Amino acid sequence: MSPISRKPAAKILLISLCLAVSNVFAAQVLTGSPDDTLAARVARHEPTMIRVDGHKIIDIFGIDGDFEAKPDSSNSGTAFFNPLSDKSVLSAYVSDSAGRTWRLLLSVTDEPAETIVIKSNKQVKIKKAVQAGKDQARNQIIKRMVLGLAGSGPEAHNVRETLEAIPLWNEATFIQTGVIDGDIRGERYQLTNTSATTMRIDERELYRPGTLGIVVEKPELAPSESTMIYVVSEGRK
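Residues in the sequence shown are numbered consecutively from 20, following my numbering.
There may be inaccurate statements among the hints.
[Stated by the list, open to error] Listed next, with one range per pair, are the computed distances between beta-carbon atoms:
1. E130 / E87: 14 to 22 Å
2. S126 / S52: 29 to 37 Å
3. P131 / T196: 34 to 42 Å
4. G96 / G172: 19 to 27 Å
5. D221 / G172: 25 to 33 Å
6. P131 / G73: 23 to 31 Å
7. A191 / S116: 36 to 44 Å
8. S107 / E224: 29 to 37 Å
9. S171 / S107: 17 to 25 Å
10. K89 / D55: 20 to 28 Å
[As the list claims (entries may be wrong)] DSS-like, lysine-lysine: derived pairs with alpha carbons at most 27 Å apart:
11. K138 / K89
12. K237 / K106
13. K138 / K75
14. K106 / K89
15. K75 / K89
16. K237 / K89
To be clear, the hints were calculated from the coordinates, so they are not data collected in a lab. Keep in mind the model is a prediction, meaning the values are calculated, not measured. Built from N, CA and C at the ideal position, the CB exists for glycine as well.
Whenever a hint applies, use it, and build me the whole structure from the sequences.
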């Protein structure tokens, strides 16, 4: 009888070890551009690390009270994301040191946290410091606009109250309830699900030329349920 070979067992052990290491270092790599909405998962009960490949995170913002984002204490440019509300889906905006703002649609799960890595799908040119400063200033304006439309922050007193029905979908009513005018324009809407089934809102369907950012408070609506939607865009010339 020939001796039993141990090579198959060794191969199985090696494969198992590789899989184990792969699971330990699992990450969600989101590849796209700032014009895209990137979808990912965040843990409900533990912090989720977010980083931008090759650049530092400057700020993470969205609806006040939905989440908190804290910078890494080592000044590495990463951030830790913690959901605060009971929503199953959250919208967040991540601005980085290259002057870009990334839109994230985050599903909140009870699974363990996995690091989120944001990567550009094209070569990013290094911007001059002056231009980067201008872009960062614009990102801060977008953040202030969203907060102001939601009723907090310094822009809140600039909201002009409106009440105008906007044609959108047959299954919904879409009412403009407020506007902030200027070089950057903010618009507040109330969307109500008038259908007999659950409605899931894809913010990409609301984009139009010149749109800089959209925040949907409740991406999923039961029949007769409403949500506020905030749209920030380039001002009308």
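Evaluation of the provided hints:
no., hint, verdict
1, E130 / E87: 14 to 22 Å, "holds, 20 Å"
2, S126 / S52: 29 to 37 Å, "violated, 21 Å"
3, P131 / T196: 34 to 42 Å, "holds, 40 Å"
4, G96 / G172: 19 to 27 Å, "holds, 25 Å"
5, D221 / G172: 25 to 33 Å, "holds, 27 Å"
6, P131 / G73: 23 to 31 Å, "holds, 26 Å"
7, A191 / S116: 36 to 44 Å, "holds, 39 Å"
8, S107 / E224: 29 to 37 Å, "violated, 19 Å"
9, S171 / S107: 17 to 25 Å, "holds, 24 Å"
10, K89 / D55: 20 to 28 Å, "holds, 25 Å"
11, K138 / K89, "holds, 20 Å"
12, K237 / K106, "holds, 7 Å"
13, K138 / K75, "holds, 12 Å"
14, K106 / K89, "holds, 20 Å"
15, K75 / K89, "holds, 13 Å"
16, K237 / K89, "holds, 23 Å"
Consistency note: the structure conflicts with the earlier hints numbered 2, 8.
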